[in-house]
Amino acid sequence: MASAKAGKSMNNTNAAELLLLRRVAKDDDKAFGELFENYYPRLFTFLFRLTGSHGSAEELTNDVLLTLWETAGRFRGESRVSTWVFGIAYRKALAHLRKRKLKLVSFGDNDQASQAASSIDLNSQLEREDWVRSSIDELPPKQKLTVMLVYFLGLSCAETAIATDVPVSTVKTRMFHARRNMKQYLAASGVPRQREKDSGNEEQ
Amino acid sequence: MKNSDLNQCCHESREEIPWLLNGTLSDSAAAAVTEHIQHCNVCQADFESHTQLRDAVLGSQVTPMVPTPKPEEILGIVRAGSSSRRRSRQLRSGLIALAASIAVLAVATVLSFSFYRDGAESNQVFETATSEVLSGGIDYILQLQFEDGVTRLEKDEIVGQLDDVVKWTISDSGNYEVHVQLNAPSLTVLKDYEEDTTTISGVHSAKFTALQLPVR
Chain H
1 MASAKAGKSM NNTNAAELLL LRRVAKDDDK AFGELFENYY PRLFTFLFRL
51 TGSHGSAEEL TNDVLLTLWE TAGRFRGESR VSTWVFGIAY RKALAHLRKR
101 KLKLVSFGDN DQASQAASSI DLNSQLERED WVRSSIDELP PKQKLTVMLV
151 YFLGLSCAET AIATDVPVST VKTRMFHARR NMKQYLAASG VPRQREKDSG
201 NEEQ
Chain X
1 MKNSDLNQCC HESREEIPWL LNGTLSDSAA AAVTEHIQHC NVCQADFESH
51 TQLRDAVLGS QVTPMVPTPK PEEILGIVRA GSSSRRRSRQ LRSGLIALAA
101 SIAVLAVATV LSFSFYRDGA ESNQVFETAT SEVLSGGIDY ILQLQFEDGV
151 TRLEKDEIVG QLDDVVKWTI SDSGNYEVHV QLNAPSLTVL KDYEEDTTTI
201 SGVHSAKFTA LQLPVR
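Chains as they are written, first to last, in my numbering: chain H, 1 to 204; chain X, 1 to 216.
Since the hints were made in silico from the structure, they are not lab data. Where a beta carbon is used, it is the ideal one built from N, C-alpha and C, also for glycine. Careful, some of the hints might be misleading.
What the hints assert, rightly or not - No more than 27 Å apart at the CA atoms, straight line, and that leaves these computed lysine-lysine pairs for DSSO-like: (1) H/26 with H/99; (2) H/30 with X/155; (3) X/207 with X/155; (4) H/26 with X/207; (5) X/191 with X/155; (6) X/167 with H/26; (7) X/207 with X/167; (8) X/191 with H/183; (9) X/167 with H/99; (10) X/155 with H/142; (11) X/155 with H/26; (12) X/191 with X/207; (13) H/99 with H/142; (14) X/167 with X/155; (15) X/191 with X/167; (16) H/99 with X/155; (17) H/183 with H/142.
Stated by the list, open to error - Residues of chain H placed beyond 10 Å of chain X at every Cβ, according to the derived structure: (18) 14; (19) 82; (20) 95; (21) 98; (22) 159.
What the hints assert, rightly or not - A short list of chain X residues far from chain H (calculated; beta carbon distances all over 12 Å): (23) 14; (24) 18; (25) 49; (26) 54; (27) 158; (28) 171; (29) 188.
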């Protein structure tokens, strides 16, 4: 019953946003202002978590919303408006992360990370969480973005596929590889696995 | 249950764990995956890893101060967008005409060189596996120049790693004309695409010749 209510509420929201988007396509400033206010906080927080930079998040958020303004007329209603908007954010963020990744690779700081791991007390849960977050930063951009769409924005598998413009099977593969890469990163950094730490048993 | 059935069940359940965790699985699918995880050590380990990943994403990072743009700032952006949109429409019209001309030229080129023996490199059209999926939109023509010493194989590999490439042709001088189909890109996206491509080892320059990009 609860999920049925949630579904109905979601449909109402989408219908309202669809009407706004139709008005935006006709250059309606006020409708754009409403969509802007609806999406700005979510987009900004999403992009801030991805980039770690206030300035980059602000620039990318504005860029996403300008693209929304420019291309509203081409939305065909084949997905929810939010999925379409987050698809735009995905493409902008991907281009940004690719650029940043290229810069980071040249610093070769993986060795530094490993050395730091050995000298840090890893026993606290807080530090474990920091390392898991570091592992997310190390993921290839497409995997990192897929993880963020699924866990931060809570998109379903089908919605993630639409937002990222890939088949559902590719979304599942990216999530699989993201989890595997995270585990490998933690193992290489000397972070003990959750089960070993909590119960002293080897993970099976 | 046979091993193969178990493996299949395991495989399907493992794939669904992220959406069990974010609450978007249907009730019946969630029940089936939960039931499986309770009896499968491998999937339990996956479930724990994904839980860590989710918790890290949602976790105790500093919540940013979200800027709160004022209405007049929003209107300013809208106005900037309006002129940008008009510019885009003009450019798009020009682009369609240009793409049509290029398509005619490409067909003529392919026909006139159809007698080329196998293995001839220049002026052939190479299509990617995604060309059928992507066909129907506007092609943005990216002129790729490579550094000296880059082999044909390396050039193909470089083009192969670019996104949304429909096809490409090779000029007599060995440079590539790459057709990229992008879904309503902004000028920033096109510029980013050029910059990303230029940073690839072996690429000397990458330029969309169908658009005049503004100086940023």
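Here is how each hint holds up against the structure:
1. H/26 with H/99: Since the Cα atoms of residue 26 of chain H and residue 99 of chain H sit roughly 35 Å apart, the hinted pair is violated (cutoff 27 Å).
2. H/30 with X/155: violated, 49 Å
3. X/207 with X/155: holds, 16 Å
4. H/26 with X/207: The given pair, whose Cα atoms are some 33 Å apart, is violated under the 27 Å limit.
5. X/191 with X/155: Given that 27 Å is the threshold and the Cα spacing comes to 21 Å, the pair holds.
6. X/167 with H/26: violated, 35 Å
7. X/207 with X/167: holds, 16 Å
8. X/191 with H/183: violated, 35 Å
9. X/167 with H/99: Given pair residue 167 of chain X, residue 99 of chain H holds - Cα atoms ~24 Å apart, limit 27 Å.
10. X/155 with H/142: Holds, at about 23 Å.
11. X/155 with H/26: violated, 44 Å
12. X/191 with X/207: Holds, because 9 Å separates the two Cα atoms, which is no more than 27 Å.
13. H/99 with H/142: holds, 13 Å
14. X/167 with X/155: Holds: residue 167 of chain X and residue 155 of chain X sit about 14 Å apart, inside 27 Å.
15. X/191 with X/167: holds, 20 Å
16. H/99 with X/155: holds, 21 Å
17. H/183 with H/142: holds, 17 Å
18. 14: holds, 15 Å
19. 82: Residue 82 of chain H is indeed farther than 10 Å from all Cβ atoms of chain X, at 13 Å.
20. 95: Since the minimum Cβ distance to chain X is about 4 Å, residue 95 of chain H lies within 10 Å and the statement is violated.
21. 98: violated, 5 Å
22. 159: The claim breaks: residue 159 of chain H does not keep its Cβ more than 10 Å from every Cβ of chain X (closest is about 8 Å).
23. 14: About 8 Å separates residue 14 of chain X from the closest Cβ of chain H, which leaves it inside 12 Å; violated.
24. 18: violated, 5 Å
25. 49: Not fine: 5 Å to the nearest Cβ puts residue 49 of chain X too close to chain H.
26. 54: violated, 4 Å
27. 158: holds, 14 Å
28. 171: holds, 27 Å
29. 188: violated, 6 Å
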